[in-house]
Amino acid sequence: MKKTKNQEIFRRDFLKGLTALPFLGYFGFGFKDNIEKELLGKQKDPKEMLRIDSFDAIREKLSQRTGSESSRIKVGLVGHGWRGENLLNSLGYFHPEYVEKMRADTIYDRWLSYQKWHENLFVDITAICDTFSIHADRGKEVAQNDVRGKSSGNAFVKLYPNYRELIASKEVDAIIVATPDHMHVPIAVEAAKAGKHIYLEKPMAHSIEEAVQLRDAVKKTGVVLQVGHENRQQMSFKLGRELYQKGVLGTVSMVQTFTNRNSQFGAWIRERKFDSLGTPENINWKEFLGTAPWNEFDTKRYFNWQRYNDYGTGMVGNDFSHTYDCINQVLELGIPESVMAFGGQYYYNVGKDDMPDVFNAMFSYPERGLTMTYDGTLKSGIYRQSRILGSESTMDIDRAIMLFKDTYSERYKDVPESPDDPFYYYAPNTNANVDAVSSATSKSYFKSGYGPTYIDGKVIDATFLHLKEWVDVIRTNGKTSCNEDVGFEEAVTFNMANLSYAHKKPIHWDRANETVIIG
Amino acid sequence: MNTLNYSKGQIISLTILRILIGWHFLYEGLIKFYTPNWTSKSYLSGAVGPFSTIFHQMAESGWQLKVADTLNIWGLTLIGLSLFTGFLSKPFKIFGIILLSMYYLAYPPFADFGVNAYVEGSYWVVNKNLVEMAALFVLFMFPSSNVTGIDRYISGFNCFKRNKN
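Protein chains in written order, with the working numbering: chain A, 63 to 581; chain B, 17 to 181.
Derived from the structure by calculation, the hints contain no laboratory data. Among the hints, erroneous ones may be present.
What the hints assert, rightly or not - Here are the simulated lysine-lysine pairs, BS3-like style, with alpha carbons at most 27 angstroms apart: (1) A/300 / A/441; (2) B/24 / A/123; (3) A/99 / B/106; (4) A/94 / B/57; (5) A/441 / A/566; (6) B/144 / A/94.
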């Protein structure tokens with residue numbers, strides 16, 4: 063039957079309304095297949111890819127609470143400088159000025175609820191001492207302001223004129239030491255002899271002889287020592303260790319470590335608002351010098367103590383000691399057989415005895431068939447994570463991990479990624495769905511320092527966990543993760559580098575006699 | 017503008033734009049639907065800028081996150097289907113603009129917030145979300161679904177009636 067003109071127009075109009083249907087049909091036909099491929103690409107089983115049967119480290123749970131009202135520990139803080147205050151913060155004590163500043167911030171409620179969320183360690187800060195009275199007074203103000211509400215409420219914070227009186231006090235069961243490096247061992251040994259447990263900021267010792275002295279004192283007295291390498295709590299290093307032990311890296315022949323800084327503060331030239339108030343009247347200069355050689359009162363030496371060999375341990379003691387400890391966690395390297403270091407004092411010369419600001423060191427481990435290097439400068443802030451070169455894969459590691467397959471890897475020959483691109487990435491709690499590999503979030507998470515870790519599904523301050531481990535071990539008689547033996551390895555290793563720089567000769571470790579051979 | 021006054025070229029252009037945006041929304045919705053345990057939590061937790069607190073709060077609150085996830089999966093899918101087929105496309109275009117504005121506000125493209133670090137290009141004020149919002153607004157102002165979509169059949173059959181007379 064012949065269609066009328068109106069019918070023809072109606073049909074054309076009707077079909078116009080369905081214009082998109084062929085496109086929708088094409089979409090419907092192909093989308094499922096495409097989605098499956100896309101999801102498959104995203105859901106590669108990392109265990110299968112890494113050729114391991116399980117991930118154990120990342121399943122770790124937070125350890126059980128050990129404290130109670132009847133087992134409260136009274137802690138004294140020796141040294142309330144920048145780091146000393148940080149440690150009190152990690153225990154939940156904040157200066158009222160800081161709390162006020164936070165109160166003005168929109169995140170105050172979240173910050174406070176995060177603070178209160180922390181486990182009660184049943185620790186009271188009862189004693190503070192600092193050689194600078196302004197720091198000591200501030201320390202008392204901080205220690206009296208427990209924002210987490212976990213202290214006993216009737217703890218009285220007392221200022222002590224020196225560490226000896228603080229250690230001798232019956233109001234102190236354990237001490238936190240955050241003083242200049244040269245006083246770490248004298249204070250810690252005194253505490254050990256008095257039976258007081260010690261949380262000792264890194265590095266463990268100013269010299270190898272002192273490291274031997276402290277290790278032996280701790281072993282003899284049985285007190286609990288935790289050296290302040292809080293990255294012992296960092297999940298990335300626990301996972302890195304597991305991956306290494308499960309053969310993911312293959313044979314490791316080289317380790318490269320770096321620490322760079324590029325600022326006055328980073329170069330330990332530190333002017334805080336109240337540091338300029340330092341005078342011979344409010345600084346106990348003799349107590350500050352302690353075991354160091356005599357020098358006339360000098361505020362530069364006092365406030366920039368890290369820069370002076372008499373009190374500090376240079377870039378290797380300040381920065382490399384952290385990095386070394388992280389690598390030591392993963393590879394259990396221990397003390398090198400030989401160390402050779404070079405460097406120079408070019409940019410921040412603040413006077414006599416100043417430390418180098420460009421430093422390179424090589425650490426030889428012939429028994430392990432590997433060499434470790436350290437490069438550090440105080441005139442470039444470029445960030446580089448540690449790199450562990452293996453025959454099967456190379457691991458970039460800090461608070462995150464990236465693995466690159468080796469060009470000639472047998473284990474990963476079927477992995478499609480190019481050796482230039484990471485084939486495995488671990489960066490917990492980052493915005494990985496935005497760009498899992500190259501996002502700035504991930505990169506910033508990579509960086510080390512006093513940051514949080516990720517454990518048991520929670521983001522937690524690693525320093526808090528390190529302190530928690532210390533007080534838990536005090537109550538349970540176990541072993542801390544950064545005990546006297548681990549700290550000893552750190553102290554000997556970086557001190558060998560400093561000795562090599564000073565003597566301009568290789569330094570060898572005489573294991574039997576626990577001493578160094580120069581040249 | 018009366019849609020009947022569109023030229024053939026204008027209708028084709030507007031229809032292509034509508035289908036392309038519909039395609040994008042639909043695929044984004046479906047891939048979230050098919051991804052096991054998909055959630056917007058990490059996206060919301062990573063939000064930056066002046067409204068970040070609201071998004072962080074959503075990520076932390078169980079019910080708000082559930083609503084956000086449902087709105088994302090089904091919102092994107094339904095908006096996509098609506099644009100694709102030209103069915104009820106007017107209200108869905110508004111819904112699409114609202115959804116895109118949320119994405120825009122969660123990661124506003126200003127250098128201060130470091131958002132450019134998250135994405136592959138470089139953006140200042142204007143990013144792809146804003147461009148897609150603008151395109152949806154153009155489609156809202158110059159609808160094509162009552163010519164080349166199912167809306168044609170539910171908008172009173174005016175064209176048929178007129179042709180028949």
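Going down the list of hints, with the structure as the test:
no., hint, verdict
1, A/300 / A/441, "violated, 32 angstroms"
2, B/24 / A/123, "violated, 66 angstroms"
3, A/99 / B/106, "violated, 34 angstroms"
4, A/94 / B/57, "holds, 25 angstroms"
5, A/441 / A/566, "holds, 22 angstroms"
6, B/144 / A/94, "holds, 25 angstroms"
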